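Residue numbers (numbering that gives the first Met the number 0), protein chains in the order written: chain R, 0 to 464; chain C, 0 to 464; chain F, 0 to 464.
DSS-like mimics (lysine-lysine), calculated; alpha carbons at most 25 Å apart, straight line:
hint : chain 1 : residue 1 : chain 2 : residue 2
1    : F       : K326      : F       : K206
2    : F       : K329      : F       : K418
3    : F       : K54       : R       : K54
4    : R       : K418      : R       : K326
5    : C       : K206      : C       : K329
6    : R       : K329      : R       : K418
7    : R       : K54       : C       : K54
8    : F       : K54       : C       : K54
9    : R       : K114      : R       : K54
I should point out that these hints are in silico values taken from the structure, not numbers from a laboratory.
Quick caveat: nothing in here was measured; it's all calculated off a predicted structure.
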Amino acid sequence: MSVPLRGVKFSTLVLVVQIVFIIIIAFFGRYPDNADYPEIYDPNNTNAGDVNYAKYPNFMDVNGMIFVGFGFLMTFLKNYGFSSVGLNLLLSVVFIQWAAIVRGFIHADILGGEKFHMGVGDMVTYDFATATALISFGAVLGKTSPIQLLVMGIIEILLAQLNEYVGVDLLHVRDIGESMFIHMFGAYFGLAVARVLFDEDIETSSKEGTVYHSDLFAMIGTVFLWIFWPSFNGGFADDQQQRDRAYLNTFLSLCSCTAMTFAVSAIVDRQGRFNMVHVQNSSLAGGVVVGATANMPMEPFGALIFGAVAGIISVLGYRFLTPLMSKRLKIHDTCGVHNLHGMPGVLAAIGSAVLAAMSGSWSLHDRIAIFPETFEENSTVTGALGRTAGQQGGYQFLAATITLGIAIGGGALTGLILKLPIWNAPEDEHLFDDSENWEVPDEGVPLGNSSNHYKISNTHVESRM
Amino acid sequence: MSVPLRGVKFSTLVLVVQIVFIIIIAFFGRYPDNADYPEIYDPNNTNAGDVNYAKYPNFMDVNGMIFVGFGFLMTFLKNYGFSSVGLNLLLSVVFIQWAAIVRGFIHADILGGEKFHMGVGDMVTYDFATATALISFGAVLGKTSPIQLLVMGIIEILLAQLNEYVGVDLLHVRDIGESMFIHMFGAYFGLAVARVLFDEDIETSSKEGTVYHSDLFAMIGTVFLWIFWPSFNGGFADDQQQRDRAYLNTFLSLCSCTAMTFAVSAIVDRQGRFNMVHVQNSSLAGGVVVGATANMPMEPFGALIFGAVAGIISVLGYRFLTPLMSKRLKIHDTCGVHNLHGMPGVLAAIGSAVLAAMSGSWSLHDRIAIFPETFEENSTVTGALGRTAGQQGGYQFLAATITLGIAIGGGALTGLILKLPIWNAPEDEHLFDDSENWEVPDEGVPLGNSSNHYKISNTHVESRM
Amino acid sequence: MSVPLRGVKFSTLVLVVQIVFIIIIAFFGRYPDNADYPEIYDPNNTNAGDVNYAKYPNFMDVNGMIFVGFGFLMTFLKNYGFSSVGLNLLLSVVFIQWAAIVRGFIHADILGGEKFHMGVGDMVTYDFATATALISFGAVLGKTSPIQLLVMGIIEILLAQLNEYVGVDLLHVRDIGESMFIHMFGAYFGLAVARVLFDEDIETSSKEGTVYHSDLFAMIGTVFLWIFWPSFNGGFADDQQQRDRAYLNTFLSLCSCTAMTFAVSAIVDRQGRFNMVHVQNSSLAGGVVVGATANMPMEPFGALIFGAVAGIISVLGYRFLTPLMSKRLKIHDTCGVHNLHGMPGVLAAIGSAVLAAMSGSWSLHDRIAIFPETFEENSTVTGALGRTAGQQGGYQFLAATITLGIAIGGGALTGLILKLPIWNAPEDEHLFDDSENWEVPDEGVPLGNSSNHYKISNTHVESRM
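Using the sequences and the hints, build the whole thing.
In structure tokens:
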């Protein structure tokens, strides 16, 4: 009777979580104030609503990345497609609500009687927060139960949002596309969880592979992430010039990154062929690597250089580092998030520190628009914090270091919690296998190695009856 | 020689319909007036074109729902993917033009010599009208010929648009995302057609099933419908505040609905596993259920509650009601539109009646913006129709009842017309089978049960030569 | 040892190209001027940034066409899906950068010390230029190596941009959706290359076919191209009225074209069935055929007529012309670009000449807005070039003729260059086969004819070790 219990446990958890969310939001969450619509309520202001036209399409693109992009990118596994796109959907809807609550409590004075506001401009921040946990999902894909994933994400989003608060609100660090606070955090948190959950059976599972069409499904995720990424990096920009720069820099960085991905993929293959894993993932590292600096005046060639470097290290990571990490460090990284989000995120953080330190050479307008805290001796304008450009660079670096620490520490701790034998963790023969959690069509055997696969899962089903 | 005849009959019908459409539109359809572009033609107005920036992206999202969303959502059947996404394309392009004509004749004074205008703001209304018939398509998927579907949609769109005219223009009812006029109408119309066309062979067909990858193709439809749905519910809003509310409410409702979908799906399964049918469809009920109220001030928790309830009843509907309806009531609902559009649509209608009846407690601004017809005793503002909040609630309910009546009556009548032996209705062995209407790749056998499937269709082909 | 050499040759080429691009852009490419952001830098201007809100969503849609649309449309081949969507990604990122450089040198006074600007408004022009080469890719799909494709596109984009310069800047011709300068050019250039590269083995290859699911993957490309096409044709419009017209005309043209596609597809099939090739491709000819005229006042029925004609000739082309061209003219057109881009492009050019010649009957405002060069005797406004409407029609026709000449001549020449035995052209058994250039999953055999396929490729792999 363990099977129905499993369903009951999951359902009860989700039901309770959903009811709690509704109660919290009923007490503390509200629509934006009418004052946010001056074009309606303020007869003297005819134009203030404009900014909303930009916000919603931006949100739509980011939303596409969360539900289409992440969902399909992970469908590359031959027997784990339902879970990839399906659990991605489940996790996202829970995490989005949780992010609304966590962000509300952090950024509104709830204890002082304030409500937190939920508007179109906030929706994209919920998606951003959710992305953090979906990145970690990639590291443990196929090796965790839905309940484990929910618990992981709920802890992670709390920690990630607190970390972001430290970085943005306390240290006054800039990270427009959140390469530190989302990509780096999500990757290293997930890797730490994967380390703690490591099991020798993962290494030897015959199901961790692709089939021809599963690789094509994954490319749906890749191309949509690719095209929408400029909106991810540009969505938070304060003015149209920074926004446009973020769009352009991200686009260019993705281009050179993708070119380098193909070049390096072919050269590290013994037969000079391209590897789908690289194309699906490393092509996107160009979006991560400029995520902390996309609004800065690096000129187009700067973005191209960032992207090219990211493409190179990402493919090399897949080829040499990932197998090594699995064998030596017992960190099994299913999607290779270290190569797509981890190392490019670190590179982005370093880049932001370097560019910030060089911001003394920018135009005064750029310096003030991007780093209002930076102090510039030769000008009459003084940032509120009186920082030099070099100091701002130091703070950027400091925030990255803190992020890394909280991510790894928090991930390890979360991994220990997930090891408790109460979360329906998948047994060995169900690693990378949908049939554990999904009704799979009887005759719809995934391509290749199929008779064996379904013999196993049928046996399993019978043994439970 | 029946085969070429079949092609000739279909082609002649489409050709004639297309030529008639062109003639009607040549006589009566025109571009918008120059006056609609005051920023160009009125030198004193520098800002009036703004609203167009919001309209077009909204249209794009809705267009994505029609062609990508509906098209791929129905590809879940293992041998009916070409028809699902292909016929969805054919039907949409015919229905869009028909909707332009029907709406033109209803809303412009054609007899008085007026032309009807076709602009960017109108395009989205054509897509809306088309959605009605695509929902009905879901109810009869795999059991009807392309000609039957064309005839069905042409009748249905005429009736649905007349019904919408009664509701919106005569009864002054609000249904921003058209949960009554599109979702309810389309679902119950389709179910009535399905009832009349019922045949015992449908129940016993071995082809009404999925394979692993067809379920993944269907998820493409799901995720795109999911992300674009806020634009569907918000596209008709009169001002930015209502639009933003519609976006947020729809997004939140989808979130809680999806969470409940997974929770209930796991608990009603004997082995505690998720069911792809539920995830693909019930997750979207959250968009339908707030479609009539998305612009109303229900606060975020209100949207979450609506969504959660919709998710629960939708999954329960799939699990218990759909098989019962097929067995007892002889209503075979291929896609389960009753669970995705029908019941959530009814719930939306009831919700709109209740909220309207409670609108006396809203801010004066909201009351006037959303129900200009509502009369409020304690204020100095009187709606043109002098209705109380309670009366407006009654009208909302009345419109829903009329919608249900016209949908069921019209659907039954249409079903009878479709039973005439002149529409190339599929014979039993061709139910849920592309090879009746499509050249299917010889060696590209769909997964599973394939040798049998193609033995049948080859025999069929030979027997016709 | 030829295999590693192959990888090295490709990688070196891409690496060198990428470094050269970065150097050129570092020297000559810059962000837009601050003056382009008057709402930021000019305190008197509160509204000037508006136009950017329209530009970016437009770019996003076009970007979706390039990476999602073209990429997946070509995945119809059963064993060539990795290459279709993968090489499409590689080629696009290289061509986008190259287009930025070529356009920069053509349109900025580089020799005079000027830099060229790269902004959000320019990004869409890079995508447009890239589309030209992707269309040609369709003609030679499966028959060329990645290196050949890169070389082809680099030559082609240079020629196509020069041709566009002649047409737009010297001859003052209008082609808003670039049906001449992109679609016609890309198609006839690609066909000329295909002619020169023709080989009897192409005709007899057993791998040039589809499987059930590869046809569904291709439909992803079709529906996204379909929905985004209005943004392609409307993106360059000068004002909102022209933009809206372009959206509406393209939408309507696609509708009637798609209806005709189904009608003609069924009638030319011996069994009255639809053909996926037609649906995937001919449905889109409606976007091409109004590409040169979408902003012109042709009224809705005009757009419907254009589309209907395009659908008819496109399907007839696939059915009768394409096999004939392959057999008689030795032009093997893998994707049938002649039917989707070639003939509809010619039709669009002729249409633009005819409409231009009739522009004397338009409103004065339209005439001036669309053809500022046209001289109109009966008005007080004189175009700078003093042309009559008829003369403008002549210039439109002249530009089309020049385009055709440069495309065919340039394509033939490029084909000869690609015949040099240094570009790793695929040998006969690797035509239409991913395993030449991609690591293909061992057990993930594509459906149908699979054992044979992989026996061949395994042999091949062994023979190289």
